[in-house]
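Chain order of the listed sequences is A, B and C. Count the first sequence with our numbering and you get residues 1 to 225, in order. Count the second sequence with our numbering and you get residues 1001 to 1279, in order. Count the third sequence with our numbering and you get residues 2001 to 2392, in order.
Hints may be right or wrong, so weigh each one.
[Stated by the list, open to error] Counterexamples of contact, computed for chain B against chain A with all Cβ distances above 12 Å: (1) K1089; (2) R1149; (3) C1151; (4) T1157; (5) A1184; (6) R1260.
[To be verified] No more than 27 Å apart at the CA atoms, straight line, and that leaves these computed lysine-lysine pairs for DSSO-like: (7) K2017/C / K1055/B; (8) K1237/B / K1216/B; (9) K1055/B / K2060/C; (10) K2060/C / K81/A; (11) K1232/B / K1115/B; (12) K1232/B / K81/A; (13) K1274/B / K81/A; (14) K2017/C / K1084/B; (15) K1163/B / K1228/B; (16) K1216/B / K1115/B.
In case anyone wonders, no lab produced these hints; they're calculated from the structure. Remember, predicted model here, so these are calculated numbers, not experimental data. Ideal Cβ placement from N, Cα and C applies to all residues, glycine included.
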Amino acid sequence: MGSVLQLFSEYNIPGAFWVNIQLTLWSALFSLILGVILVVMRISPISSMRVFGRTYVEFFQNMPLTIIMVFMVLGVFAQLKLSFSTVFSVNFFWLAVVGLSLYTAAFVCESLRSGINTVPLGQAEAARALGLSFIQSASEIILPQAFRGSVAPLGNTFIALLKNSTVAAAASVATESSSLMSEMIEYHANSIVAIFLIFALGYVILVLPIGALTTFLSNKLAVRR
Amino acid sequence: MQGTGIHARRFFRNLTAFLCALACLFSLTACGSDKEAGKIRIGIKFDQPGLGFKKSGTYVGFDVDVATYVANKLGYSEDDIIWKEAPSKQREAMLQNGDVDMIVATYSITDERKKAVSFAGPYIVAGQDLMVRTDDHQINGPEDLNGKRLCSVTGSTSAVTVKQKFASEVQLMEQPGYAECATALFSGIVDAVTTDDIILAGLASASRGRLRLVGKPFTQERYGVGIKKGDKALAKKINAALADMEANGSWQRALDNNTRGTHYRPDPRYNPPKPQEGE
Amino acid sequence: MAQTNESSLLFDQPGPKGRRTIRIANLIAAVIFALVILMILMRLHNPPDGENQLSWELWKPALDYEAWSDFYLPGLWLTIKASVLAVIGSVLFGFIFGIGRLLPNLILRTVSGVIVEFCRAVPVLMLMIFFWRWFAFSGVSEASYWAVVLGLILYNGSVVAELIRSGVGNLPNGQREASLALGLTRTQSLMQIEVPQAVYAMLPAAVTQLVVVLKDTALGSIIMYTDLLQESRRLGSMYFNILQTLVVAAVIYFLVCFLLSHFARWLPKKMQERTAAPADFVEPVAPLAIMDPSNVNQIAVAKEVDEDKYGGAPRQYHAHHRGSNASIKHWKKTRYIQGYDRTQPDTLVDPKSLDIPEFLKPSPPHKVKGGKGKKKGNGHSKGSSDTPDKES
């Protein structure tokens, strides 16, 4: 027990988790925005937008996140010179956020699409009969209900995003939790199991409330029909 | 539901057979390469140009040349060598459980490691150095790195050394391998790469003249041949072979071959070293 | 397939004017897309500093015979080896703990539940790093290989466990009722009747999981497993064309995953012939929220409503007890209501009051509206498709 306390005083473990939480929250925000845009594209009347939306989703669903992260650094930053800050640590953080957001947006789009399927036909028909345009019926009628129907898949995507934020290590974010865990194991090989359990329990503590909240919300918000 | 039951049973039987077949396949491929009589197993790096690199089914590099020479002296021809990959973090474990007979893989002799394994050698004394773009003349030593951007490999302490001892204002980037660092150096997002000079020389040699070494090593890393702990007889034989290699010029030839075009000279104060570790 | 339906619902069929607008919009989109691609290529061709990334000098070593024979193909083989072994392992793991989670024994159920939830919550990368260092310390040979496999088994196995749980839960209740009536114990019924059928239902999902596994093996490169990604890095470190070799690796990953996920979409049709449970395509997102007692597959629920929406044939199986209440005695209280299941109107009771909510009561076709739901419940079964729809 004493050694565990010593580990906590020697390393900034909550700080590392905080990096992951920040990565997750920013990526969740951006991927939600991008995901909504993508899902609107996928149901829009303009065929090129539908094709783009589908291609985007297919592409990112079938591409390992590790490769995307490596590309963010070696491709987007090194070659295209897209840079967020001259300070390296800030820059890599935002590159990782962009990579995570691009990847997660595909899954957000699919979750929302499954939510759209829960909206009954009559709603769309009624909207059209009232003379609403596509944008109006999507934003006023369909999407609000779709959100309520897709709470559970969105929650799962969010949990997956939190766990995926450890892959930011591949985008040179050296302060996040999996990098810290490797570093700690390097210098405290004897307490490897204790170190792993600290981090694993940290994630359990983060994930379980999100899961419980998702379940609660999806039952509460689901449109009873 | 009768049909489903029969189907299910047949399915389970098929599944079992399939699993057995796969288990055989995987156990063969995973653990098939057992110890063979009359062969020597040597751990090297597979991914370090200039030191140990797998290329068209053969292995090239300074470490490979040293290992081949030593193996020859121990009575193994080139065909008797089984090359195994020895990633940095697995080297001690590989020696301890007998996966390899010796390791020649940029393996620095340290007191920490000597608790777990023994060493012969050293066969070269490398030192931490910087690699920069050939046309960049601003950086001439670790002190010039203030305000510059430096790349090193994840989990290595070399970048931290620079930051603590020489240039506190340096910005660090960590990449999984030196090749990524070199790519970043090419594209200009970092200004220097740091690690042991011989590794950098290998990379610079592969860069077709676009990268160069600064040439002022500021630490000493004694590269040794890792062997099983306490095997003094083997250490003696290896040391004799290494001394022989240095004396008859093959050592210098191997070094020149693998760092061609970089004008790399290992720190002359320490090289060629006297191999007398582990006896 | 659903896409055309779905989109046509939200807007009127475009007339001549609308079609022209769409054509123009398509043209503009194509031009913008081409411009973006062109700009990226220009940038790669002539970067501010650094070298031309499009030169054949860099691409040739990334594509020639030696690259394939020495790097990509061995790497791909190791990737596939690890994924196949991990899938087999996770199916076994999933069976053990998925069934464990359904057993009548409280202790076994709790232990399985804790293990499954733990493995689902910990990031795969952390599992891999831990096992890698641990195996290296304790002297396991090929530590990174086993770390990759074990890390993937633990995570994906826990997903498979949940799939089995929901597969069993999705079976018609009559399956278990019949086997109990025949005198089987609850465990026998589970092992001999329910789980074998659930297997067919979850096979497509398992194939989808293969895509997830294959993608996650790329994490192995972080712990020095020489998979496709690591091999392509290596190739790139010889000629400093790591960007090019990574592009090739990315294309290979994409093609393999793409083919697999389309295979997974094709498989349900085959599997549906062999099970009474819905063998639906399951999205690569973990199918259920963590700690969800009802274990409802929202996507499957969504699809089911979808099916009715387009006027397809009604399902032959009941949808009311989606979820894994197979061993939970209080399944009546925990089940989830969404969508109207015309085959089982009596199941649409409110979980709290155990009464059918007013708006869900099926209106009797030939009787006065608002009759007691309970009474009608028994009358409804297979033949219900003959009776007129509630809403129409």
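Those earlier numbered hints the structure runs against, lowest number first: Hints 1, 2, 3, 4, 5, 7, 8, 12, 13, 14, 15, 16 are the ones this structure does not satisfy, whereas the remaining hints hold.
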